[in-house]
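FYI, the working numbering numbers position 48 of the sequence shown as 48, with every residue one higher than the one before it.
What the hints contain is simulated information worked out from the structure, not anything from laboratory work.
A few of these clues could be false.
Label pairs and their in silico Cβ distance ranges [unchecked claim]: (1) P23 - I52: 30 to 36 Å; (2) L64 - L17: 17 to 23 Å; (3) L22 - K60: 22 to 28 Å.
Idealized CB from N, CA, C, for every residue including glycine.
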Amino acid sequence: MGDDCCNPESMGHIVDLIEQTLPGIYVYSIMIGSTPSEDKNRGFFDNINTQIDFVCQTLKENELLQDGFNAIGFSQVKILF
Numbered sequence: 001m002g003d004d005c006c007n008p009e010s011m012g013h014i015v016d017l018i019e020q021t022l023p024g025i026y027v028y029s030i031m032i033g034s035t036p037s038e039d040k041n042r043g044f045f046d047n048i049n050t051q052i053d054f055v056c057q058t059l060k061e062n063e064l065l066q067d068g069f070n071a072i073g074f075s076q077v078k079i080l081f
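Let the hints inform the model, and build the full structure from the sequences given.
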């Protein structure tokens, strides 16, 4: 929430770090929306079940991942007392 898949100051930077650390690795950062702005907004306002379905379908359709893959996930959790 509050970020998008490709922001060079955050998630985009993480992608760059992984690619620099493991040259030749395929990194696929999933955008939920058609623009970085929409991706960010959907993190706040979209139904999580819709997002999960979208991500699963996107991964399934990616031919480069058909033989399996390793995944890294980032999440933000806010706990209210």
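Okay, the hints, checked on the actual structure:
1. P23 - I52: 30 to 36 Å: Given range 30 to 36 Å: holds, Cβ gap about 31 Å.
2. L64 - L17: 17 to 23 Å: Cβ of L64 to Cβ of L17: about 20 Å, so the range 17 to 23 Å holds.
3. L22 - K60: 22 to 28 Å: Because 24 Å falls inside the window, the suggested range holds.
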